[in-house]
Amino acid sequence: MSERLDKRQGEWIDRSRSIHFQFEGDDYTGFHGDTISSALWANGVHILGRSFKYHRPRGIFGFDDIDCNAMMESGSTTNIRADLTLIEEGMSVKAVNTLGSLKKDRLRFLDYFSAFTPVGFYYKAFHTPKRLFPFYENQIRKIAGLGKIDAQTPMKTVIKDYGFCDILIIGAGPAGLSAAIEAAASGANIIIIDQTPHPGGTLSYRYKNKGPAIDLLNQLLEKVKACNNIKLQLSTLASGYYADHWVCLTNKERMTKLRAQSVIVASGCYEQPAVFHNNDLPGIMLASGALRLINHYAVKPFQHVVILAANADGYRCALDFHEVGIHVVALVDLRREGEQSELDKQVKGLGITVYRGHFIYEAIAGKMKASVQGVVLRNLDTDIPVNKESEIKLNCDGIAMSVGWTPADGILRQGSTRMEYDTRLEQFLPIECVKGIFAAGRVNGVYALKDQLEDGCCAGAEATALIGLTKPGNNKRPPKEESPQSHPYPISDHPRGKNFIDLDEDVQVKDIVNSVKEGFDSAELLKRYSTLGMGPSQGKHANLLALRILAHLRGETMRGKQITTARPFTSPISMGHLAGRIFTPLRRTALHHRHKALNAKFMYAGDWLRPEYYMTDGLSRNQCIETEVQNVRNRIGIVDQGTLGKIEINGPDVVTLLEKVYTGRFAKLKIGMTRYGLMCDESGVIIDDGVISRLADDRYYISTTSSGSAAVYQTLQRLVIEWGLEVILVNTTSTYCAMNLAGPHARKVLQPLTDVNLDPDAFPYLGIREGIVANVPARLSRVGFVGELGYEIHLPADGAITAWDAIMTAGQTHGICPFGVEAQRMLRLEKGHIIVSQDTDGLTLPFEAGMKWAVKMDKPFFIGQRSLKIIENKQRERILVGFIFPKNYLSPKPKECNLVVKNGEIKGRITSVGFSPTMGQLIGLAYTAPEDSDVGSTLSIKLDDGSLVEAKVVKIPFYDPKNLRQKING
Amino acid sequence: MPYRLLRFALNKKYAEPPMFTEPSKLKKSYDVVIIGGGGHGLAAAYYLARDHGITNVAVIEKNYIGSGGTGRNTAIVRSNYLTAEGVNFYDKSVKLFLDLSTEFNLNLFYSERGHFTLAHTDSALRTMRWRAEVNKHMGVESVLVDRAFIKEIIPEIDLDCRHNMPVMGALYHPPGAIARHDAVAWGYGRGANMRGVEIHQNTTVTGIEVKNNKVVGVKTNKGLIQTNRILSAVAGYTPSITKMVGLRTPIVIHPLQACVTEPMKPWLNAIVVSASFHLYISQSSRGELVMGASLDPYELHSTRSTLDFAEGLSGHTLELFPFLSECKILRQWAGLSDMTPDFSPIMGKTCVEGFYIDAGWGTWGFKATPASGKTMAFTVANDQNHEIIQPFNLSRFEQYELVGEKGAASVGH
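Protein chains in written order, with numbering that gives the first Met the number 0: chain A, 0 to 969; chain B, 0 to 412.
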């Protein structure tokens, strides 16, 4: 059965292009431009979905993204809004949340059991006996939820971009378009958006009978087109408003983050439903939804309609319906005085009966509640009739509701606009917008078309004046509508209930009444208890009604009432939109590809990829690492240290800065020398360490830990400003590469490649020199992290490969091998050097970690000094010690973070442990109680499986205690 | 069909009595005034009345009950903390949670889902092992698991994270649970109310009267109350209350944001947390994915939402669950986190006599609700810190006795 009307002027479908699609396994045809809902309705399909709780049949209701009666899934995509989604060739969809099929949904029995499921029923049951709860929860979870998710769906993300404009106008209806035209004259750069695929707002479907609506729209569009500085973006939603006019715009293909100087909200109103028994049957619609079906898609919503009205719009609808051949059975006016304008006569002139002061008591459902068969009317004044005869029963297959509006104020509210209930207009109105936001048109309470145009004009002028493109004029906003456009209480009670407030969540009048009885008597508590407004349409058709009932129950007026807080998004947007192409930072050092060629096994260290070790065929991970360790000890190794934080610090106050942030002394550090630096926070806890090098009087170069580099740089920047120091910081972490050449042959390999004299007298331990390495300018420093003769080479990243290659070539005859992070960890462990964040934690003090030597308590000041002075005199709670296992001990191997226990109490933990190839035994660092920290004490270590093993506390360093190796004349 | 629902169906009159009575005016004086009608304040009121027989109590709430952190968190309950003190305390909370539904005769939908904290780096793995070891030692079920184990429980997860920071393992905490957070406040509220506690919503505290270092009264926008004992349980608003009695705390306020998706059929049972990705995610009984991220990096006393948050969170969610790309975010919101330097709460007596503090709940307040209520009630009733909250005393900051929980706070801080 086709319900398609003859061509409508300005319709949104292209009748020359048929589109074939499937719904619930059946084939249908629609036109290009149809939404899934309009195409189905045109095909005579009126059940588009099932309700959330009771599984009642549902059809088109608001047709304006204010309800989710028609939610579909396609297998790969779920929760598709059929009212808004255009049909595509070959598309196949079905309704969400049905068991079996939509028509024969096996859960439809739930509608008959609603007495068992009062508001909040799941709070009242299923928790006893306790052991049954998981079963009940499982069942409830299965029944709840909407569409199904398919874990095989490939990821689909969209492009994200940034936008800028002088004025963003939200809504391309009469007010928005006229605002754009007015503002364009100033030369402002304007973007006007609308959620629908065609412009015009109400002009595109209303006022058809009142005059040249489409003509007016075309005139406005002509003017818009003539302005090069107006960009009209359709099918685009303003999803969220954030601070400082940062607006998230989304359409099918992209998400734009737009910064506007000013925002004009001309988003119109959402029509609001009336509440009566069975007000959710397919065929019952908001009048505006019916008009959109007729005028946008040329689809007849119903054949015989009863209109429920409380404003002039309802009468205009009657005229429009009549014009397209719909039989208007009656117009029921909630107002006792009826319509006072000419419209009343016009409607009656068509032979339509008008019932003033009546309301719909119930809609009579057809078979399986799949349709409307008629209505029962009652007189407002007699309300409950003495006998059934005073009821009026009318036959119809549709009901159109025109009882009121609420502003589409999502963006306004997110933008902290003060909205207040206007008791004259019976709706919320924007009272005070933040600077730069303007409301215009119906969202601003201006209803007459002429006034809307003028209101838009004024908003446009105000916006251009605000941003300084025009002088503030003295244009005066048109008056707000005088007569109420909304009924203050379009709600009728019914003993059988099923008079729905929130169609998403199947919340009925009695649910609100009972929630309030149970004490949830504020808008926010009511929402949380009854789930009203928590569904996918976020209460767009429900919040105002609920507030009216709440006020009514509390015997209060609507004055001063507020709906629940509006939050993004105005309409849900996909994670694919928000994620965009997912740019995850990943950092590779300048030598990455060399490591790759050398068969490195990479590991993540923060955002960095670092060689964990280099894989060799036939060798296990541990064997590879041990080989790398031994090679450094016996010959020569090279490790990439490009991830170290590297900061140049220059300026007259540089010494002051270093003295204050590091615990050591740096004022007297000689030029050309380096010194270890330890950094604490205010509470004395170790937060970073590194090497401080002095290049000139006022020039220092510092390194930080890899993980701490960003934080240290930020902290230093902050302190320079806070302390008012004359210091320039340059973060060269990425611009410099660093590598450490270590092992007894280091000097022999490096000397031929550099102009720096490596002779120990000219370049002593802890010295730093500048020169070239393989013709690349470089800084060489002699540091001893791994405990061998070694040179740390820092050079510009673009020269890193040249230097690396030269060193590798020169080192070949000496047996050079690269080593990774793991080998370095073992090498330094053998030397007893700590790694900040591995051997320290969020509370570690220098005294505990054996770092007292690096802390100069007698300095005038350093960060953490005050705390350390206090703590210094307190009892230590733990000490970091070195421990060993006997040489013959092999397994079970203790792991880092296994606990040190004593008498069942936790005394500390292992922070580093491993098999030392050099020592030939398991060695490690661990925290333990001070009384157990003496050399020779025994540590009791609790392994993964709970068993206890013993280790012996020894002196650190484990290897080369006199530090001779790093000073050898290799 | 449970009997109780049958009663509803058969009863002509609505069978449910009100959960809370609307109190008339504020009385002149109360034995105890609790500032803050969130989960913590109401729980303390409940246990004061139930366990200590102190019922002349007023809970003063400036908004509606549960309007702060209680209704804004992501409803996760767990006890896999890092320090012995922390594990001890949160374990008590988990144990209390288990029986609350029965105790309240109100189904809190306390649902044990199992809690995974994913480790994407070897340093994260180390911290996980530390936590696992401490937990095991303290008798809390917690174990370090490998990729295969995770994949078996959550087959939908992409452990390779689209080749960005593959998951190496996880800390698995089987008792990890989610609950209907608002209902926790309601349950405590009802229980307290039934026992005579008054709950005054929409009532703002404007000042506290202190004489000779003793509290003597509370000033509100609805009048003055005399009392000798005040419990401040206002989380993000703590600095404004402590200022009234001249106390300093090291608390700083950061916003913490969260969001939910549209409901979908159940597929995710476990609770998944990734510190590296600043993400936690679980699926509510209604079918929504409830997601949160780390703290906003700046101090701010505002519950505004940011787009940044939704973008970053979505990106990371898709790295673990790429098939969710067309799944839509319904609503985002923010709450206030009262952060302490050591990521542990501040609880107990203070140097102002009669002023008890329950604060510093940062991102870990909801799961502590029962234990905090119980121990604070004890503390207020006996004017003596409950044993297990002793380590969380405000004075620890002066005495350098911090309880470092940074490594176990939900996600990367």
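Everything labelled a hint here was simulated from the structure, so no lab data went into it.
Since the structure is predicted, the reported quantities are computational estimates derived from the model, not experimental observations.
Glycine is no exception: its CB is placed at the ideal position from the N, C-alpha and C atoms.
Please note that a few of the clues may not be correct.
Stated by the list, open to error - Selected chain A positions facing chain B (Cβ under 8 angstroms, derived; list incomplete):
#, residue
1, 149
2, 581
3, 602
4, 603
5, 918
Checked hints:
1. Given the 8 angstroms rule on beta carbons, the hint for residue 149 (chain A) holds: about 7 angstroms separates it from the nearest Cβ of chain B.
2. Using the Cβ-Cβ criterion of 8 angstroms, the hint placing residue 581 (chain A) at the interface with chain B is satisfied: the shortest such distance is roughly 4 angstroms.
3. With its C-beta approaching chain B no nearer than about 6 angstroms, residue 602 (chain A) sits inside the 8 angstroms limit, and its interface hint holds.
4. Because the closest C-beta pair between residue 603 (chain A) and chain B is about 5 angstroms apart, less than 8 angstroms, the hint holds.
5. Checking residue 918 (chain A) against chain B by beta carbon gives a least distance of about 22 angstroms; that is not within 8 angstroms, so the hint is violated.
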